[in-house]
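Participant: Sequence:
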Amino acid sequence: MHKAQDPDFAERVRASFNRQQAMALIGASMPVIEAAYTEIHLPHKAEITQQHGYIHGGVVGMIADSAAGYAASTLTTSETSVLTVEYKLNLLAPAEGDLLIAEGSVVRYGRTLIVTRAEVFAVLHGRKTLCALMQQTIMTVHGKHPR
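Residue numbers for the sequence shown follow UniProt numbering, beginning at 1 and rising by one.
Just so you know, these hints were derived from the structure itself, not from any lab.
Even for Gly, the Cβ is constructed at its ideal location relative to N, Cα and C.
Some hints here could point you the wrong way.
Heads up, simulated DMTMM-like pairs for lysine to aspartate or glutamate below, C-alpha to C-alpha not over 25 Å straight-line [what the hints assert, rightly or not]:
| # | residue 1 | residue 2 |
| --- | --- | --- |
| 1 | K3 | E103 |
| 2 | K128 | E103 |
| 3 | K45 | D98 |
| 4 | K128 | E96 |
| 5 | K88 | E103 |
| 6 | K3 | D98 |
| 7 | K88 | E11 |
| 8 | K45 | E103 |
Quick list of simulated restraints, FRET-style, between CB atoms [to be verified]:
| # | residue 1 | residue 2 | range |
| --- | --- | --- | --- |
| 9 | L83 | S29 | 14 to 24 Å |
| 10 | E79 | H52 | 38 to 48 Å |
| 11 | T137 | L92 | 17 to 27 Å |
| 12 | G53 | K3 | 36 to 46 Å |
Hey, can you work out the whole structure from these sequences and the hints?
Facilitator: Shown next as structure tokens:
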């Protein structure tokens with residue numbers, strides 16, 4: 001099990017999320033913040049859909065990247081920032097629903113690199129369907145506070 005190094009990680013992560021203009025632009029929220037795990041919720045709205053009415057794959061990637069990145073950030077010290085180095089996203093089903101939920105978690109925590117994963121679910125009429133799966137590598141940046 002992964003252990004948080006900063007007892008105030010939830011407040012720090014929430015403040016960072018609230019500074020993300022991109023998440024505000026698409027209407028995302030982060031209602032769940034736990035050590036090594038976060039959730040980002042995104043309600044369906046026409047402005048973020050593609051030509052078939054599904055939430056755009058790029059937006060699915062945005063919330064997966066942020067959910068997993070913030071899961072990594074829950075385990076860092078308050079003097080450490082994180083940046084995505086790479087991720088692989090598999091779109092498994094159309095992002096069709098009233099709500100998307102990106103569940104980010106830490107697979108392996110290291111001093112320099114953190115491996116994470118995210119599962120993105122589309123919720124339609126109360127039924128969750130896995131629509132995307134992502135694996136990500138995060139780089140820690142020691143001594144640099146995010147703006």
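Participant: Evaluate each hint against the coordinates.
Facilitator: Against the structure, the hints:
no. : hint                     : in the structure
1   : K3 <-> E103              : 18 Å, holds
2   : K128 <-> E103            : 12 Å, holds
3   : K45 <-> D98              : 8 Å, holds
4   : K128 <-> E96             : 10 Å, holds
5   : K88 <-> E103             : 15 Å, holds
6   : K3 <-> D98               : 34 Å, violated
7   : K88 <-> E11              : 29 Å, violated
8   : K45 <-> E103             : 20 Å, holds
9   : L83 <-> S29: 14 to 24 Å  : 22 Å, holds
10  : E79 <-> H52: 38 to 48 Å  : 45 Å, holds
11  : T137 <-> L92: 17 to 27 Å : 21 Å, holds
12  : G53 <-> K3: 36 to 46 Å   : 43 Å, holds
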